[in-house]
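Residue numbers (this note's numbering), protein chains in the order written: chain A, 1 to 442; chain B, 1001 to 1553; chain C, 2001 to 2115.
There could be a bad hint or two in this list.
Pairs of lysine-lysine residues, derived as DSSO-like cross-links and limited to a Cα-Cα distance of at most 30 Å, are as follows [stated by the list, open to error]:
1) Lys237/A with Lys227/A
2) Lys370/A with Lys2014/C
3) Lys2043/C with Lys197/A
Worth flagging that the hints you see were computed from the coordinates, not collected in a lab. Owing to the predicted nature of the structure, the values given are computational and were not obtained by experimental measurement.
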Amino acid sequence: MATPPVTKPIELPSTVITDATCTFCGCVCDDIDITVKDNHITDAKRACVLGKSWFYSHGADDRPDCLVDGKPALVAEGVERAARILTDAKYPIVYGLSDTTSEAQRVAVAIGDAIAGTVDTTTSVCHGPSGMAFQGVGEVTCTLGEVANRGDLIIFWGGNPAESHPRHFSKYSLMPKGMFVPNGRKDRTAVGVDVRKTKTAKAMDLFFQIKPRSDFEALWTLRALAKGIEVDPEKVKSDTGIELSRWQDLMARMKAAKFGVILFGMGLTMTRGKHLNSEALLSLARDMNAFTRFVVKPMRGHGNVTGADNVVTWQTGYPFGVNMSRGYPRFNPGEYTTSDTLARGEADAALLVACDPMANFSQPARERLKSIPYIALDPKDTPTTRSAAVAFTTATYGINTPGTVYRMDDVPIFLRPALSSTHPTDFEVLTAIHRRVTELKK
Amino acid sequence: MSSGYFKIAGGTVYDPRHGVDGQVRDIWIRDGRIVEPPSDASVRPDRTLDASGLVVMPGGVDMHCHIAGPKVNAARKMRPEQKRKAEKIVRTSNTRSGTMGSVPSTFATGYKYAGLGYTTAFDAAIPPLAARHVHEEFEDTPCLDKGFFVLMGNNHFVMESIHRKEPEKLRSFIAWLLGAAKGFTPKVVNPGGVEIWKQLPSGNVHGLDENVAHFDVTARQIIEQIARAVDALKLPHSVHLHCNNLGMPGNWRTTLETMKTFGDSRGHLAHIQFHSYGGGEGDENTFNSKVVELVEYVNTHPNLTVDVGQVLFGETTTMTADGPLGYYLSNAFKSKWFSSDTEMESGCGIAPIEYKNTSLVHSLQWAIGLEWYLLAKDPWRVVMSTDHPNGGSFLAYPQIIQLLMDRTYRQDMLKLVHPAVLERSTLADLTREYTLFEICIITRSGPARILGLANKGHLGPGADADITIYTPNDDKTKMFELPRMVIKSGVAIVEHGEVREPLTGKLLYVAPEYDTSIETDIAEWFEKYYSIRFRNYGVPLDYLHDPEEIACD
Amino acid sequence: MTERFILIPGRTSKQGCGVSEGKFDQVYQQEITTLQVAPADMKRMGLANGDRVRVTTESGRQIDVAVTAATGDELPAGLLFIAYGDLSSRLMDGETHGSGMPTSKGFDVTMEKLA
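Chain A on its own, in the form it takes in the complex (with noise of 0.2 Å):
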């Protein structure tokens, strides 16, 4: 059973916390001062637009900590509800998780198993099909820190970090004054490729814009030119949108680097292929080792998506869509992932932790859950908690509550809270939900 962090209650030590930590995004940039005033977040000094966004929007109000059918309850009451929907529900999906402490999330899972349920992550609409490619070829990868140190060629592929990771390129893979790269951007050759000319492409010193849905073959295409196989030209041309010459002169550089970086995003596992757009560039990335060090890094969109993705591993031996109706762990993407079971009508009850599916789902995902009930947990008012039967007001990880939160390349970093809510943490709520569920389990 996880222990409590720390949760003394946080007297205001200063007005000023430094090295807090950001955790809007997968950067979960460590270095913000925060100026905390009369109980709001006024100075976030280095964050990013979006951390902006993301400190100055936390600070106290008084919403309830707890609303049962909509209506303002005890949290009690609440924890009890809760554990009759699980308790009693046939198929019982606990979902999301990606923007809490790890600290919750083993509770949450925790919860999974006692109730024989199915747990998912956000993980399943964000990297689960890298993650199903990696488990069929593997990955070669790093910290972002070896990025900062020796990355000399990065590219881009299917992502646009200027607008969803916006430190990155200053704190990881393009300025930063490296070891090995002392120059820093000088020392740099940057490469997108996407369809779109997003802000990304604009910081390119190389931008491929290919044909929309041509990743697989893309991707192919470089690994056989890796190789010294004979493509034609002609399809590459029309597979891609993007001349052989072009591409050949791509494989050129990145056998030319010391040490090639490939970050990627939503480009590759939302569209056609998925997995099998990411086994491609894993593949890539391994086979270009032959010739010289290169890795690759998935861009992770939430601040603890990772560490969903290691809790869950951890805990089950699986990293999402897992099973847990005969009492032990089963994995199986597309069977036990939350877009197939709501969209096939499966799950009869839900416990939604730091997520949103009622914004971000597929339509007949979304109708499926307004028709079940279902638990969520949030620190938000979002479309999730407002067809909630029950909804519980949370602190915000890293604003309010210490913690354990996974940096996008698994690295762990703790959380310095700023200031203190009036709400329960995540794991307080689920800790009493655990409880509840046990005991009506015997």
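With chain A fixed as given, assemble chains B and C onto it according to the hints.
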């Protein structure tokens, strides 16, 4: 009125530290420790286990395994295909569900170790940047007291201070780093080799005196200086070393040179089996055993200890901080491959493997492991391990015990392996059979002593009450697979193979003193090259569930 | 006039900020209910900023949404972009092709100007 005593009555006790070799004795337990019997003879124990006819030993100590952290977790994630058909770990009212295969999930790991009578385990290789991850996984690995070794052999600060010939600084840095991570001792893996791997394709170090580019140090210097620093710091366990050239034919010369490099410093050579190969440069056909030559050196140099790293036939997963080795293995076996370089500190490589008894190399590896056990003169300095899961699962320990205690069983198995083993190793000629006393040494008393754990591996008053009770059986595999009872910190956690009370267990760490003025230097170097803040690196004590500091003296 | 396009939903800074500031607030709602169209396509279809169109997927899912011209050459002709949110979700099918991931980018749609 509860007396607080738990008595194990009339068992056949093995306590090598106190010279007890199968004598019938009582063991008294109170408040989690083994104690003297109450002076007042009228005091009744709350519980008495009638252990007559049963074998009583201290709880097992696995001093070299891979059970937690980013490398292990990546391997778990990478092996779904093993789990579906493996033993199902079903949830019960007091235990969590889990999965097996060669890299079990955390709860399953704890239950299975406890099921074998193990009560202490050390993860062999953790990059300090990931220390928190390990501490979290440890909290979800019940029934065991745990600790880990901190990777330092490719650490940039370490290499720099060695290059600048600053042993004081090195010593302070090592002390600081152990305290920051809450680790147990420096772990050195392929010193210099992992750094070169980060710099060059298929990069590695092939000899002790090869220069490590950019840092201008050699593996020999790294080993020697860290070993001396560890002794100067009086750490309970010596430096723990994975030699250069693991797995390569002919690597025995590197191993022997490495042993000599230690001089008089204490040193523990991990999974020595993988480092005991004769043969030409890269020519696998002359692959043969050099255990005789190496064990001679270990036998005559009491400053050195080894764990074997036994290979068992079957499917498993190799996982190592030796990045280039992972790449090599995945290419050799054309398997999937995971690699991760950790900034400033280390690397890692993971590749599935299947050891086959039809393979000459694998059969020799299997034989070489057994040769080590059988040829080592001092059982206190040779420890049982499979380098779990690299050579095989820890679940194979009972089988290894049978191979050591029963030469008929061993000879029968020899008939099933590649016939080259007969000419290329001495195994066929070795008739030694281990006694229970010796098994007790190599699985608990020896590793406890090597780790410097004064309260483990024995049954004298003051020891942690970690005790395993076995039902004697001529079939030693059966005997050691299913203890009658396992006691951890005075609590019967396993009875008749069922986990009764899955305690979380303690975190064992060291915090050697050092000149804190070095922290200014460290912080400056840190802020320049690391991607997190210096202040966010160290693990504070209150982060840990049940920490116990082991003194440095 | 109805034409065929490929729709790419994705993240934007504004949408990301909106997640923190509140999903029922102006900034977020505005961002996720605006469809970006390449200037050449806008011109050919006689669309001005703020005009409404109907976007329909191959399986018949439909949204009505306001358009805005993409900046410069950011969006190639034939592609549409919208920030992740309720509208993009309405167009997603439940089918994940055994991957757990519904097709969330790069789907074929038709677009017609609404009167």
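Checked hints:
With a C-alpha separation of about 19 Å, the suggested pairing of lysine 237/A with lysine 227/A holds against the 30 Å cut-off. Distance check on the hinted pair: lysine 370/A and lysine 2014/C sit about 27 Å apart at the alpha-carbon level, within 30 Å; holds. Between the alpha carbons of lysine 2043/C and lysine 197/A the distance comes to roughly 20 Å, so the proposed pair stays at or under 30 Å and holds.
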